[in-house]
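Participant: Chains as they are written, first to last, in the numbering used here: chain A, 40 to 356; chain B, -5 to 299.
The reader is advised that the hints may include incorrect statements.
Unchecked claim - Some chain B residues near chain A, calculated using beta-carbon distances under 8 Å:
hint	residue
1	Gly140
2	Leu144
3	Thr154
4	Leu237
5	Gly271
6	Val283
Honestly, the hints are just simulated from the structure, not real lab data. Virtual Cβ for every residue (Gly too), placed ideally from N, Cα, C.
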Amino acid sequence: MGQYAVQRVALMAPTLIGLTLVIFFALRVLIPTDAVDLAYAEPGIPDPERMEHLREEFGLTGSLPMQYLRWLAGVVQGDLGKSVFSGRPVTEELFLRVPTSLQLGLGALLITLVIALPVGLVSAARQDSWIDYLSRGSAIFFYAVPHFWIAILVVVFASVWFSWAPSTQFRALWEDPVANLKHIWLPMLILGLNATGTMIRLTRTQVLEVVKQDYVRTARAKGLSTRVIYTRHILRNSLLPIITVVGLQIPNIVAGTVIFEQIFLVPGVGRYLLQALERLDIYVILGANLFFGFVLVISNLIVDLIYGLVDPRIRLS
Amino acid sequence: MAHEPAASVAPRSRGVYLSPSPWPRRVVGGVVQFARRKPLGFSGLLMLFLVCGAALLAPLLAPYGYADVDFTGRLEGPSRDHLLGTDNLGRDTLSRLLYGSRVSLGISFAAVILSKVSATMVAVVSGYYGGWIDKIVQRFVDIWIGLPTLIILITIISLTGPGIVGLTVIIAITIAPNSSRLVRSVVLQVRSETYIEAARSIGVSDRRIMLRYILPNVAHIVIFSATVSLGAVILSVASLGFLGYGVPPPFPDLGGMLSGDGLTFMRRQPWLALWPGIVITVIVFGFNVFGDALRDVLDPKLRGR
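Full structure from sequences and hints, please.
Facilitator: Below, the structure is given as structure tokens:
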């Protein structure tokens, strides 16, 4: 276990470097223009000297490896560079937006867990009953219906019927909790329900897998009550794969926050990234991608650590 | 099955699905058996046939062209002329849906085939030989799996600009590592089977072992994962189109038809928001229930469940 966790941690740096290298390559090699062109070039009046000066200011001169390493050196010291468009430091701008994105993502994850785990368990326990069919049906429904489409329908029909629209004024949770929750509960719920689909199905499958095991048969043969079998034997043993499933859902939820921030005008990291993409704002794009990569790497690590906590076989090996 | 408890006692003569013998003549019998055992999965298959057929035949079925503009009839509801109404440029929604599914399905199929073929090749070679090749490939896969792929997709596609080929290749690259991991795990199991040892002992070449012994025995997992991937890729393509990074305009794609730019028009003509989503849902639903059923049928461990 210790060794495995160490291995995970050792992979974190190359993972994030690989990620930013791909993005950097796309930004600096695949496309001919850069952020300085977009932000400062005046149409018809080429001013190579000034542009060169600006590029130097933003660290976009010199060989490509040098540019990347210069940025990386900054990152190690906690400096993600400056936005070419606004001139503001990316680190500060990200810190303003990260809590909002985390709130949306974690809220959705919580909703998923609270709904999916009990439903999946009951669905497996009452296999092939009407509860099972109902929950499997709605699970497939929530998976198959694109979450952004539900969001669009809600926005469109709410505006048609109640002339409601997502507020353009977003308040942070600590500034104005009521306004914040009013704004964010809907994207949270839709995103959470979407992930619920996969979670219910996989939880059910995992529980059914455990139900087949010999020790469950033994427990039954001993005459233990169904309740005890489910809580002591089945739930505990299916916890591990369920944690894997939660881990697998996290990338979807993270990607979902990007889309939902756009639909519901939530000023998080995703919206920041999408705005920066239009302006080729290189350090914002790199910084935002680094953040999302970091979230995934950390959540994978947490999943691994929980494995160890839950399963003594992993902890001791 | 649910409604016939006797199924668990019934003899399991379902070897037909695993049989390495020539399959074409067994297809019909297989499909009938599949429809009987997995009615839900079969209904998914039928839906897919309908949608894919309609998409393939779009030029024949569509009453108008996908870019035929008619400024006299904009944002209309369903009518006899336009069965599903028109959009803000007076283009026929039904025609755009048909062509749009064609584009979305085409990209998804191409991307999935490309990724599965390359992933399977890598997985078979690296899984069969093992050693340092395998180690390097697996470290790479480890790194890739820990990344936010959809966000990388969005980033790269928004930078390189829209284009069908670019979209297909980039999606294929993003999903390949996951499936290569899955296929490799099966290759590792198959590699240690006695018949591989037997083949090696009579001097069958490595290439032949990989192509004729291992490949047919991992094919079921490739097919199953392709089906499931198709559902997921359709969703990704739709999400990209929705964010405005899909296929370049006049061309319709399902996600693009829902894109944020059209939101003002959807408020005036809500039908516009409804149709593309329904089609996406049907496709994803079809691939999912079909994929699930396929897994149950193909995987010997899950049989009789």
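Participant: Does each hint fit the structure? Answer for all of them.
Facilitator: Evaluated hints:
1. Gly140: 5 Å, holds
2. Leu144: Hint on Leu144 (chain B): holds, closest Cβ of chain A at ~4 Å, below 8 Å.
3. Thr154: 5 Å, holds
4. Leu237: 7 Å, holds
5. Gly271: Holds. Min distance 4 Å.
6. Val283: 6 Å, holds
Every hint, counting from the list given before, is met by this structure.
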